[in-house]
Amino acid sequence: MTRLRQGSGGQALLEITGLTAFYGDFQALFGIDFRVEAGETVAIIGSNGAGKTTFLRSITGMIANDRDSIRWDGAPIGDLPANRIVAQGIAMVPEGRRLFPSLTVEENLRIGAYARSGEWTVERVIDLFPFIAERRRAPATALSGGQQQMVAIGRALMSNPRLLLCDEISLGLAPTIIKSIYDALPRICEGGTTLLIVEQDIRQAMQMSDRVYCLQEGRVTLEGRPADLTHDQIREAYFGM
Amino acid sequence: MQWVDTVIQGVLLGGLYALFATGLSLIFGVMRLVNIAHGDLIVVASFAALAVAEGFGMHPLITLLAVVPLMFGLGYVLQRGILNLTLGKDILPPLLVTFGLSIIIQNGLLEVFTADSQKLKAGAIETMSLQIFGGISVGVLPVITFVAAVLVIAGLQLLFFRTMLGSAFRATSDDPDTARLMGIDNRHVFALAMAVSLAVVALAGVLLGVRTNFDPSIGPGRLLYAFEAVIIGGLGSLWGTLAGGVILGVAQSIGARIDPGLQILAGHIAFLIILIVRPRGLFPRAVD
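Residue numbers (our numbering), protein chains in the order written: chain F, 27 to 267; chain B, 861 to 1148.
Think of the hints as simulated: they come from the structure by calculation, not from any bench.
Since the structure is predicted, the reported quantities are computational estimates derived from the model, not experimental observations.
Don't take every hint at face value.
Stated by the list, open to error - Calculated Cβ distances over 12 angstroms to all of chain F for the following chain B residues:
| no. | residue |
| --- | --- |
| 1 | L925 |
| 2 | R940 |
| 3 | I985 |
| 4 | E986 |
| 5 | L990 |
| 6 | G995 |
| 7 | V1007 |
| 8 | G1015 |
| 9 | L1018 |
| 10 | M1024 |
| 11 | L1025 |
| 12 | G1026 |
| 13 | I1044 |
| 14 | P1080 |
| 15 | I1118 |
| 16 | R1140 |
Stated by the list, open to error - Here are some chain B residues pointing at chain F (derived, C-beta under 8 angstroms):
| no. | residue |
| --- | --- |
| 17 | A1028 |
| 18 | D1035 |
| 19 | P1036 |
| 20 | T1038 |
Unchecked claim - Covered stretches of chain F, going by a simulated chain B footprint (3 or more residues, C-beta under 8 angstroms):
| no. | stretch |
| --- | --- |
| 21 | 88 to 102 |
| 22 | 125 to 133 |
| 23 | 140 to 146 |
A virtual CB, placed ideally from N, CA and C, is assigned to each residue, including glycine.
Produce the complete structure using the sequences and hints provided.
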């Protein structure tokens, strides 16, 4: 797979410095430093409670942060509310799919383009996930888990994101379904979309990413290219032992 | 034939109740907000129409051109400025705040318009009637009211199921957090929902004022009818709300035929029976 890559001195697409996050008195993130270059596929691994979802919620504006802690294409976006993030070109496939039950499959896709649209259309999403063609008018709840996951990815793509965040897209799905979903991701990258995936399955994360970050208890414990990391390093970073 | 006549008059009366109820049903459907001041806002619309009609010497039905946009704007500001702040996991704050609003509105109207009973004078149209069949005649105004209710509900149905804004309404109602991830500004969507609700309230208020007397104290009674129509029809279903209004209207009309004193009571009894037999109403939304 060929990838666009900027020089290492260039400006990162997403640059996060010293990010902290709190739920009331509870601190969930302790000074995360993180960057994604345009065209890269970056994976985040970590056990339950490591802060992966909180981290994505911070990027998407669901949790308010310091303005300068998150820079997008050089511009500070840490304090933007969630409903203004997607217009910037950052779309999220939330954990658990979260399709809208009152909307049909096609309406779920179209609502993805509410704030921003571009090359991705319902037809192109169908091209990526052909089963949708026959289920356009079905309520979103009538689909299987795997199909819902594909619609959730399609919904995020409808905003034509430059960066697509995928939170645990393999959770609770059968291995064959997971494979067909992951097989579709390279075709998304071909369109120039950068991927940031959160994944419990370490092997899957290693296989498909250019770089991987490991989180543990709200801190980055490891960062590097999958080929450069040893099993011991990963175990240490993942479990802290 | 008398009974057929009674039922027809009841159906037409139900159109007015459906108009009372539609706005209430709509905002409950979108944001789970129960607006206790809904009835008083209907009366606000009646008085607004009165002021415009007398101030500019307009026919009451023409005042709709001013009152509908006015109430639309009031709805947006009310939601954005006050009611959005009350929405959250706890369902009590919106109830308390709209209850307070109800009292403020009643007393405000009392200050400005006094407790005198008022009526919107629409001239000949008030008494015009159409012969239909078997010697039964129906009033032109009730027919207009019923047709308006059907058109309003059909229009809202189109808005909800054929437009992007409608999808945004439903998506926000399903899952406000995920809706924000789609770029939907919940505060704006809720404000638009309240604005549309009060635009319908404006129509209901004007038609109410042309049909009967009104004064600042009658809001809670209209709220009660609206509630009953919404509950009979099933929460969140607009066509159900129309059916609920019609059932309420027919029950009242039959009650009044038996004994004029039974009109109101018959409506409440019909409501209670349906609540016992179908606690979720006749056409509850499939998805809750």
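* Which of the numbered hints above does this structure break? -> Hints 10, 11, 12, 13, 19, 21 not satisfied by this model.
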